Structures are given as C-alpha cells and as structure tokens.
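Colleague: Put the complex together from the two separate chains, hints included.
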Amino acid sequence: MITLVISGGDSFTFGSELRDTHNELTPSKTCWANLIANKLNAKHCNTGRGARGNSFITRHVIYKVNQALRLGYKPEEIFVQVMWSFWSRSEIAVNFHTQTPFDSPWYYLYPHMAEDESKSEWVMNAIKEHSIKKFRFANGDTKADRFAELLHSEYKTRKELGLVDFAKHHYTITDNLNDVYKSLKSVLLLQNFLENRNIKYMYTYVDFTIYEAFLNMEPKNKFVNNLRDAIKFYGWYTFPGYHKYEWDKETITTPYGFTDWTKRHGYEIGVSHPLEKAHANAADLIYERVKEIIK
Amino acid sequence: MIKLVISGGDSFTFGAELTAWPAAYNTPSPGSWAQLVANKLNANLYKHVNTARSGRSNSFIVRHVINTVHQALKHEYKREEIFVQVMWTFVARQEIAVNCDTQRSDSPWFPIDPYVCEDESKGDWFKKVLKDTKNWKESHDAMHERYLINKDLGLVDYAKAYYRIVSDLHDTYTSLSEILSLQELLDYNNIRYMFTYVNKHVMNGLIHPSGRDQSWDRIYPINISWTEKFTDSLCNFIKFDEWYKFPIDGKYVGFDDWAKFNKYEYATSHPLEKAHADAAELIYDHISNIRW
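Those protein sequence lines, which keep their order, are chains A and B. For the first sequence, our numbering begins at 1 and goes up steadily by one. For the second sequence, our numbering begins at 1 and goes up steadily by one.
Hints in this document: simulated from the structure, not taken from any laboratory. Fair warning: this is a prediction, and the values are worked out from it, not measured in the lab. Be a bit skeptical, because a hint or two may be false.
[Said to hold, decoys possible] Quick partial rundown of chain B residues pointing at chain A, CB under 10 Å, derived from the structure:
| # | residue |
| --- | --- |
| 1 | Lys-74 |
| 2 | Ala-97 |
| 3 | Ala-159 |
| 4 | Ala-161 |
Just so it is clear, CB atoms sit at the ideal spot from N, CA and C, and this is done for glycine as well.
Isolated chain B, as found in the complex (with noise of 0.2 Å):
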C-alpha cells in the first residue's frame, strides 16, 4: 500500500499559474496533476511530496527526487509504501553549484537555460504575450528582477561563456545521465515510480538535438550535428516504453502537447486547473494498470 507519493517536475508539476499561485509562490499547487494523482492513490490519508519548482532541470529533479527518497527511507517509510512519479522536462536546462547566494530558493544550485543570457521580460516569446493574459505582470516582474540579480552575480556572463561552447549532446546527454541514475536508483530499492514528460520537445531533446527549442537556436546558433554512441548508450538502458504518453489521435505526446490540442485553457505558458484535472485521471489509470 502506498502511503507516501514522491513527484519530481518543473512548473508543470509545481502547478504554476493555477489558482494558488503566485500568491503561494513557494507551495506547489494543490491543484496540479502530481497533487491530484497522489489524493486518488492514497486518498488524502497519507503524504504527498511533490519537489518540482518552476524552471528547474532533469538534474534538480533527481537531486531532491534522491534526496526525499533517502529522507523517506531514513523515516521508516518501507520501499513499498513510497511511489516516485517525475515529469521529465527540457533537456537544454542545466544547472550548477556556485559559490555565492543565488538569492532564490535552492541556492547555491543555479538553474542556468538559454534565458539566463538575456532578460527575458524583454525577449521574444514574452512579447508575444498579450499583457491581459492572467499573471502578465507578476511573469514579466519576476523575469526582469531576476536578471538583474543574476547579472549582478555574475551568473549572466558565466552563461554566456557557457552557451558559447556547449552543444546540444552535452544537454542531452546530461539529462539521459540523470534518468538513467534515477531509474537504476529507484529500480535497486525496489521503489515503484512513474516517468512521463512535459512535451514532445523534452522527447525530441534526448533522442535527437531537433528537438531544442528553435528560439534558442536563433540566439545561440549551434552548428554540430550528431548521432552519438555515449547517448545511444543511455537510450537503450532507459526504459522508455514503460513512461506515461497521453494521447493525441493515436500519437502519444507530453502533457503540454496534449493540453494545447485539446484546447484547455492556459495561462501565460501553462496549462489550468481542468487540464491538470484531466491529466492526473489519464495518468492515474495508466499508474492503476501497472503490474508491479
């Protein structure tokens, strides 16, 4: 029986822009897909973890997925009573330890994507924004703060030098790393997990470099292209065929992919309450038919 429900993710797990937020900006929402699969598995009489914060990487992720497992175990929790389940997102997110106060929540881990180089309140996919989409402000304030804060730490320059001669196989080989580190870790303990992912970029970004994003592309061009044997690797020990799809037409994408085709209502660049509602039922089956 199931009595603690561990969820790794990033804003799509956290629940950003549902009601709860930004108001609650550092409390996952109790209206995301993870906090609703965990209510149907255990129906409220147990606990719930859900460690995804917005932005963060595939590495975030296994770090405090690793780390509240190991709490969990250290608690008396048996193996048995504890479910993982992980939203995998973008490849092209990385992160890092500095030696200085980020000055936001997990410092001194960095979250470091391609937007760390520039402000984003002013890049393009903001302006294509209309500024009475819901939490318009609140994003746009927070983006622009937050580069400031970043250029003042130096943290903008180190991107920069970073994005210059970093590829796409570094990204992509990166998160297939951490993956596979959680799969094995999990499947070692015997601890019963669930993987799907955001959209079909994350997918496209760990079996092939066309699935970064193009935007990015544009601002750091970059001119190598791969098949490579150290990924290749990976892939074939990753269990990819037991990972959560949702549906579209016989096709199986990310939850974000199948929110915007089925025309779910969105924030600024997420998914609300009724999608995620829909979303934990789907996956909930698929977690109901598991044979463990």
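So that you can see chain A by itself, here it is in the shape it has in the complex (with noise of 0.2 Å):
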C-alpha cells in the first residue's frame, strides 16, 4: 500500500499561478501532484519547483527517497511521480549564496538567462494582454507591470553575481548536444535507481517538445541514442491527444503533454500556467494510470 508520494517537476508540478501558492515558497494544494496524493490517501512530498531542469528533479527526488528510506519507509510503500521538465534547463552549484530564497548554492541555467527579458516581446505581450483580462500573480500582485520589474530584477541579480557572463560564455559554445544529453541522464539514472529498489513510479512530461526532443533530438549520437534505448519511453503517461507537423514531407505526430492538452481543451491560463480546473482534470486522468502501476 503506498503512503509516501514523491513528487518530482518544475513549475507546473509545483502549482504555480494556483491560488494558493505564496511567493512561490509552498506547492500548491491544488497542484496535479498533490490531489493524486490525495486520491492515493498518502502523504505527498512534493519536490517540483518553477524553472528548474531535470537534474534538479533527479537530484531532489534521490534526496528525498533516501530520507524516506531511513525514516523507515518500506520500497513498496512509496510512489514517485516526475513531469519532466524543458530538456534545455541545467544547473549549477556555484561558489557564493546564489540570494534566492530555495536550493542556494544550486542555480539554474537555461538558455534566456543571459539576456534582460524583461524588455523581451514576449514579456510586453504579456503584460498587454493580461492588463485587458484580470490578472493575478501567484502571490497575489494584480499589477502587470510587476511581471517586467520581477524579471528585470532578478536579471540584475544574475548580472550582479556573474551568472550572466558565464551564461553567455556557456551558451556560445554550447549546444543541443549537450543539455538533451544530460537530461536523459538525469532521466535514465532515476529510473534505475527506482527500478533497482523496486519503488514504483510514474513518468509523464510537461509539453510535446519535452518528448520529442528525449525521442528524436540528435538522431545520430550514438551516446543520446545509448541513453534514449534504456529509457522505457513506453511505460510513460501521454496526455490524450497529438501534436502534428510536417517535417521533410513527413507528418510528425507527438503525444501531448500537460500543457498541450489543457491549451487544446481551452483551459484557463494564468500568465503561463494552467489553473485549477486543468490541474484537477488532469489528476482524475494520470489517476487512472497510477492505478494500473501500483495494483
């Protein structure tokens, strides 16, 4: 019988935008993850947080099983649940307190992070768009603008610390190759790990690009591919429905992810997250899936 949930993700499994996150400290209650938990009666630890990579959630829920197993929590009594997160995101630990409010010296990297986004197009989309509709950040703030000066502020920071010339150094000379890798990795060593000690698990993902990339992106790279073979791609949750698109005179069709689906079935949408009815629709659906894993 399971009575330890754990669960691994990025902002969409943390709950971000819900109504009861606050400052983006707590993970929602209302989260797809956590009702999951609920509909298991078990007690949910909740790993996800906003922007992080795969290598943050591997690194989390390993951390967090092991606690469980000293605490004295049989293998069979836990189930993790992981939607992972845009291939593109790493991290690093860095040698000064990184002043955000979770995971210091850890940092996150993704591709934007040298640049001000503040001043990007999609920002002032944003903040047009949201100031006609009633909007509301995750902590409460009703003021679009609060968006720009959010981002503006915490690319100052980064600047600040040296995190943006590294960015930039990094993002020069890297590519694709490099981050599709290390999130397999990241992928393919927890699912080992799990499967090892005989904890079950649920793997889904955030959006068809997520998929696509574990499954296509750099076809040819023996070391991607070696991964790519060992991962049980099979065993993954794919939300109803398929992205489509022509690519050299082929259609290519990828299972939705999480967001896919709830932009297909017009769910309400905060600045870039679905909201409560999308989290609550998709736990009844991933339910149905983590019955069949755990029975």
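Modeller: Structural data, given as structure tokens:
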C-alpha cells in the first residue's frame, strides 16, 4: 500500500499561479501532483519548483527517497511521480549564495538567462494581454507591470553575481547535444535507481517538445541514442491527443504533454500556467494510469 | 564465463607513459593494469575494450562505458559474459559538449579541468619536472599546443568564466551522480563490475572538498565549505565498501598512492610497467574473490 508520494517537476508540478501558492515557496495543494497523492490517501512530498530542470528533479527526488528509506518507509510504500521539464534547462552549484530563497548554492541555467527578459517581446505582449483581462500573480499581485519588474530585478542579480557572464560563455559554446544528453542522463539515473529498489513510479512531461527532444533530438549521436534506448518511454503517461506537423515530407505526431492538452481543451491559463480546473482534470487522467502501476 | 572486458578510466587506465606511449598515443597500452587484468580474466581468448583516455573525467568514463555496454548487448553478448572495470578519476575534471570541433579525439566533447585556464607547460607542477625525465619534451609540446588550440576556440575563456563561479560541491555532486548512474545501470542489467580509484585525492574529492588539488585552490580560491545533503544521499547509495582499495600498511588507498609508496618507477606523472603489472595481480585477486 502506498503511504508516501514523492513528486518531481518544475512549476507545472509545483502549481505555479494556482491560488494557494504564496511567493513561490510552498507547492500548491491543488496541483495535479497533490491531487493524486490525495486520491491515494498518502503523505505527499512535492519537490517541484519553478524554472528548474531535469537534473534538479533527479537530485531532489533521490534525496527524498533517501530520507524516506531512512525514516523507515519500505520501498513498496513509496510512489514517485515525475513530470519532466524542458531539456534545455540545467544547473550549476556555485561558490556563493545565489540570493534566491531556495536551493542555494544551486542555480538554474536556461538559454535566455544572459538576457534581460523584461524587455523582450513576449513579456511586453504578456503585459498587454494581462492588463486587459483580470490578472493575478501567484502571490496575489494584480499589477501586470510587476511581472517585468520581477524579471528585471532577477536579471540584475544574475549580472551582479557573474551568472550572466558565465551564461554568455556557456550558451556561446554549447548546443542542444550538451543539454539533451544531460537531461536524458537524469531521466535514466532516476529510472534505474527506482527500478533497482522496486519503487513504483510514473513519468510524464510538461509539453510535447520535451518528449520529442527525448525521442528524436540528435538522432545520429550514439551517446544520446544509448540513453534513449535504455529509457522505458513506453511506460510514460502521455496526455490524450497529438501534436502534428510536417517535417521533410513526413507527418510527425507527438503525444501531448500537460500544457498541450490544457491548451487544446481551452482550460483557463494564468500568465503561462494552467489553473485549478486543468490540474484537477489532469489528476483524474493521470490517476487512472497510477492505479494500473501500483496495483 | 567472461567473454568481454570493458574498462573505463583516465591516463592511469589508458596506460599513459608506458612503452607504447607516445608512439601509439591514441591506443591504450597493452601494459596497462586494465589490459593485464583482462588477459588474466579471459586468457587472451576473448576481447578487451579499454575506453580510458588521458585527462578525462568521470562523466567521460560513464559515457563511454555505457556506450560500449550498449554496443556489446546489441552484438549479442550476454549480460553474464560482460565484465566492467573502472578506475575513477579526479572530481574536478568535467566535460561539456561544444558546438565546434575541439581538434581532439571525442570531439565535440571537451574535457574541462582547472588547467584548461592556463598553459600547463608553463605551470607550477611541470616546472618541477626535470627536463631529462622520460617523455618531458613530448608532454611539454602537447600541453602547449593544446593550450593554443583551446584559446583559439574560446574554450580557455569559457573555462575561466566557469571556474570563477563553480563550487567544489558541483564537481563532487557531478562525479557522484555519474558513479551512481553507472552502478545503477550495471546492477539493473546484472552486469558484473569492479570499481577502484586513482588516488586519495579522488576519494577525498568524492567524500569531502579537501581532496581538491591544493595548487588549483591557489589559482582559483574556493571560499565555500559545506556538508551537503544531496551528495550525502548519493554517497548513501554508492557501494563504496565493494570498491577495490590498494593496501598500504593496513590503510586503503588508490593505485597512484600505492605505486608511489612502494617506490615504483615513474615517468613525468604516471607509474611505469612494473607498477601496472603488480597492480593487475592485486586487482585480479580481488576480482577472483568476489562472490557474484
């Protein structure tokens, strides 16, 4: 019988922009991950955090499994559920305090971190759009400009800490291979770790681009393909529906992730995250798979 | 019965500075401990793939061993016919896949360690090596040429930016994560293996940041000290007690410490043939006594 659920993921598992998240410090009780834990009537430990990548997920889930085993939980009482994040996100442990409220000295890396995104087109559009409809941040703030201010202050901090300088070098000399290889490594490490300890688990992903990259990116690289072949993609939960597009005279179809499915079905979305109803219905869908896994 | 031995490691497993080096620079030495153990395991009847390369990291080791295991399983080796042996290297070594040709083997994967920031042929440690030492000129020229290429490619600047901000914790966590990855993959596939390590700095680096090479600290001072829950949790799952440790007076050390303590002959920085041969005897005894 499952008595402890450990969840891993990014903001979509944390429940960013849901009403009960405050200052992005406490995961939401109404996120899909917590709703499934409730259905299982199990204690829930949600390690999901906004903007974090797959190495973060594996690091935190292994840590929590270690803690659980030390506290006397048996492997058969633990269930792990992970919604994998964007492959381009990675992390570095730095030699100073990152001035973030969580997880210092680990800092998350992503391709746009060398830019001041508050001035970017997508942010300007988001502000415009959300000034019109009733807007609310996770912390209750309703002023749309605050979004840009927040991004600007984060950029300033990164610059002062030398992270912008590092990111410029990093993203100048690396490309997709580095990131997708490391993401797949994280996925495989956690898979083998859980399998070897007979801990049951469910994997899914945020959106179709993640799944597609995991399956198809760098198709000729033998090191990437080795990892790919060892990962049990066939057991992953995919949301109903497919993203389709034409590529080289072929139609590519990739199963939906959480966000594709919410957009397809017109669920309400905050600035960039699905809101309560989408999480509740996603939890219903995923729970059906979870029941099969743990029976 | 073992039909395929796969070895992973750095220059100590490659067999750098042994007789076959540098004439056959890209081919692991037939005199390395790894080859000698493989010979003993399968009496030259079958195959040994030595994936080790000089100056490379634990990430490199895992990447290449996984690749070779994968190829072996594809080529119809049975799991029980494969044996993996790894001598883990220094945690400060990392790697990154870059978007240019590194002009070295394994491109576009680029090995990073603190020495990438400087021309190692002019560095402190090499100044102490006497010019009449075996391989001095080859080592000097190779290090100088490598520095010039790296500088041209922007890799020296990248490494400087990296070492300005990265912590010991990152190095340690990355290596532990790699080691656990390989252990879990081999366990999952029921493939037998033996893990050991180059020297005490490797082990200290995995367990505690004091294992870092002090000369690197002088160049890139590290101000952070830590005990870390994430590295602790990885350590908890890594089967260190099953690793082969070389014996010195009741203490346990790595290959390099053992060879130095026993005053085996060295070239610039690597033990020579006799040390490899005797190390192979010890390791083989250990492997023979493992209950599978």
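Colleague: Give a verdict on every hint.
Modeller: Going through the hints against the structure:
1. Lys-74: Given a least distance of 9 Å, the restraint on Lys-74/B holds.
2. Ala-97: Cβ of Ala-97/B sits 4 Å from chain A, so the hint holds.
3. Ala-159: OK, holds: Ala-159/B within 10 Å of chain A, min 9 Å.
4. Ala-161: holds (4 Å)
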